[in-house]
Amino acid sequence: MQEMQEDRAPLKVTDIAVSYGGNKVLTGVSLEARHGFLGLIGPNGAGKTTLLNVISGYVRVDAGEVHIGARRIGKLPPHRIARLGVSRTFQTPKLIHELTVLENVLLGIDGRIPLLRPMPRSVTAHVRDVLGEFGLPPHQRASDLPLATMKLVEVARAIAANPIVMLLDEPAAGLSADEVERLVAPLRRLVRTSQLAVVIIEHDLELITQLCDRVAVLNFGKLIAEGAPGQVLKTPEVIHAYLGAQLAAVR
Amino acid sequence: MIRAGRYVPYAGIAVAVVAAYLAPTVTDRYQLFLLTWMAIYAVAGSGLVVLIGWTGQIAVAQAGLFGVGAYGTTWLVHLGAPWPVAALGASLVGTALGVLIGLPAIRLRGFYLAICTLAFGELLHQVFVQAVPITHGPRGLAVDPITVGDLDATTLIWYLSFGTLALVLAVLVPLGKSRLGRALKAVRDIEVATGSLGLSAANYKLIAFAISAFLGGLGGALFSQFITYLTPDIFELPLMVLFLVQVLGGGVARLSGAVIGAVFVVGIREVIQALSTPLPQFQGSGQSLIFGLALLLVVGFLPNGFASLPGRLLAFRPSSALRAADK
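Protein chains in written order, with the numbering used here: chain E, 1 to 251; chain R, 1 to 327.
Since the hints were derived computationally from the structure, they do not count as laboratory data. One or more hints might be untrue.
[To be verified] DEER-style ranges, computed between Cβ atoms:
hint, chain 1, residue 1, chain 2, residue 2, range
1, E, Thr209, R, Val8, 28 to 38 Å
2, R, Leu167, E, Pro146, 55 to 65 Å
3, R, Leu167, E, Thr193, 42 to 52 Å
4, E, Ile113, R, Leu167, 48 to 58 Å
5, E, Arg128, R, Ile106, 53 to 63 Å
6, R, Tyr10, E, Thr193, 37 to 47 Å
Glycine included, C-beta positions come from ideal geometry on N, C-alpha and C.
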């Protein structure tokens, strides 16, 4: 009875293994994301983006399972997984340049409504609210936007689809401090008022510490640490694998 | 909030409809013949705008599907179907074939897809040669002309072709701005992201192939009445290339490109014909040479086709050109 009442994690990844050719990219990775932000960090090539690709159905696993809520995704194609309530962004923003900001964001909802039904007004109103939160101009063409704003549009699109799991792949990379603030403040508000679980890949550890309740560290395809950011970032293994490399790069 | 720009296409169609109605009274037979030809190519070409321009699938089998529409309509009329039913039926057969041609597109892209569809177009041509009971093979097939009241054949096929084109554009213009149009452009520009947006790129590609093939078939149905005698070689490689030249020269991203391109390909043929009377060397391969040169000039100087010309002229400022030269 006790177990029944305990609510399920929106995202549960169990024992994932992925290899490209003979290269093991992920081995035995298990992870849960609940309401709030889960930071996913690790050096380049650690398998962070691959893990997002597994969750969103872009990469097939050799072993292991992904659950979205109660649903096992198995071999579902990406668009079916997205319709379960998974949205994501990419390292480089994927927008249709000839369309407006509003249209680009509505695109994230198109697949979730039967094709022949017109877009409900309530949906458009909701999208405008989200754009308002991020301070984005609905009628500007995407081609006229600077890169940082394009990244904001992509995050707005991911969140406007009302997902239960949102995967952000380096949303702050290439953004100035001001621009990061424009991204983080509304993101925080929107996540706080929802049940959304966010997995965020980010190299900016200050941002991770600020934003995330939990952080998971990948190194060479293995999960080497998980927990509260303050603790995890002090683990010797993590310092060696990740921070050490960064510090070395600074020196 | 009224945006006047939204109504420009509809106003354009309205003006064109009136002009089209009056066309038989202000043009001679030959001019009307050329206008009809343009309208028919524009119908088939608008299908390619949907497929190539909106969805980004380089497919070249349109000539074959054009042939399916032409032969299919003629055959169904022979079997006793009324012409509109035959035309619709043949176009739907073309649509089914179009979806079949589209299946490889789920995996292939770019040049590989182009070659694959080219093979399919050639296969259809072979079918036209071999399916003697239906097509009469290389001997050719005479088309029963349709009659409506006491309209002469030239005027009738003009009204029919223009009416079809107007209808096609009246459907496609809003379609391009609809959710479907948006999804097709997503397949073209950000295919990798479509899955994560909940859109099945495979399904939308097949929808685009279906729309394009239907319009190819519909163009062919009209063409059969226009040309009145069908032989398989009409629907061979040169016509595949011609349709590509039409939409690339006209501007593949916009529907107006299909119309302008049709004017371009039919018009330039006329120019070459006119030149070849005093200059016989322009016949035969000379025609292809001029055709190729014209295309080279268009693609070189107007990569987005003639349809982009007004926008480029409006955007042109001598000062900005100077600034660009400074960089």
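Outcome of range test on Cβ distance (Thr209 (chain E), Val8 (chain R); 28 to 38 Å):
violated, 54 Å
Distance restraint evaluation - Leu167 (chain R), Thr193 (chain E), Cβ atoms, bounds 42 to 52 Å:
holds, 48 Å
Given the range 53 to 63 Å, decide if the beta-carbon distance of Arg128 (chain E) to Ile106 (chain R) lies inside it.
violated, 35 Å
48 to 58 Å was suggested as the range; check whether the CB atoms of Ile113 (chain E) and Leu167 (chain R) agree with it.
violated, 27 Å
Is 37 to 47 Å respected by the C-beta to C-beta distance linking Tyr10 (chain R) and Thr193 (chain E)?
The hint (37 to 47 Å, Cβ to Cβ) holds, given that Tyr10 (chain R) and Thr193 (chain E) are roughly 43 Å apart.
Assuming the hint says 55 to 65 Å, is it satisfied by the Cβ distance from Leu167 (chain R) to Pro146 (chain E) or not?
Once the Cβ atoms are compared, 43 Å apart, the range 55 to 65 Å for Pro146 (chain E) and Leu167 (chain R) is violated.
In terms of the numbered hints stated before, the structure departs from hints 1, 2, 4, 5, listed from lowest to highest.
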